[in-house]
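*Asks:* Sequence:
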Amino acid sequence: MRMSHLFSQTLRQAPAEADVTSYQLLVRAGFIRQLSSGIFSYLTLGVRAMRKIEAIIREEMDAIGGQ
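Numbering of the sequence shown is given in our numbering, commencing with residue 1 and proceeding in unit increments.
Hints listed in this document are in silico derivations from the structure and should not be mistaken for laboratory results.
Check before you lean on any hint, since a few could be wrong.
Capping the alpha-carbon separation at 20 Å, the derived lysine to any residue pairs in SDA-like fashion look like this [stated by the list, open to error]:
hint, residue 1, residue 2
1, Lys-52, Tyr-42
2, Lys-52, Ser-41
3, Lys-52, Ala-63
4, Lys-52, Gly-30
5, Lys-52, Ala-29
6, Lys-52, Gln-67
7, Lys-52, Leu-25
8, Lys-52, Phe-31
9, Lys-52, Asp-62
10, Lys-52, Gly-66
11, Lys-52, Ile-64
12, Lys-52, Ile-32
Model the full assembly from the supplied sequences, consistent with the hints where possible.
*Replies:* Have a look at this one:
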């Protein structure tokens, strides 16, 4: 998928209030957005990444007979 086809845009710089490195990277890459103090929303790319991670975990759990 090309970056130009995504709904969200990436940022060149992290927001000034971003103290944690992981938060800075997620916001800059367009995975999440802060709605208000302490409330975040996954953007299109973030939801897509989460679903892929969930599928990988589910496959591995099924392979070892987990719940």
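*Asks:* To test your reading of the hints: which numbers does this structure violate?
*Replies:* Violated hints: none; all satisfied.
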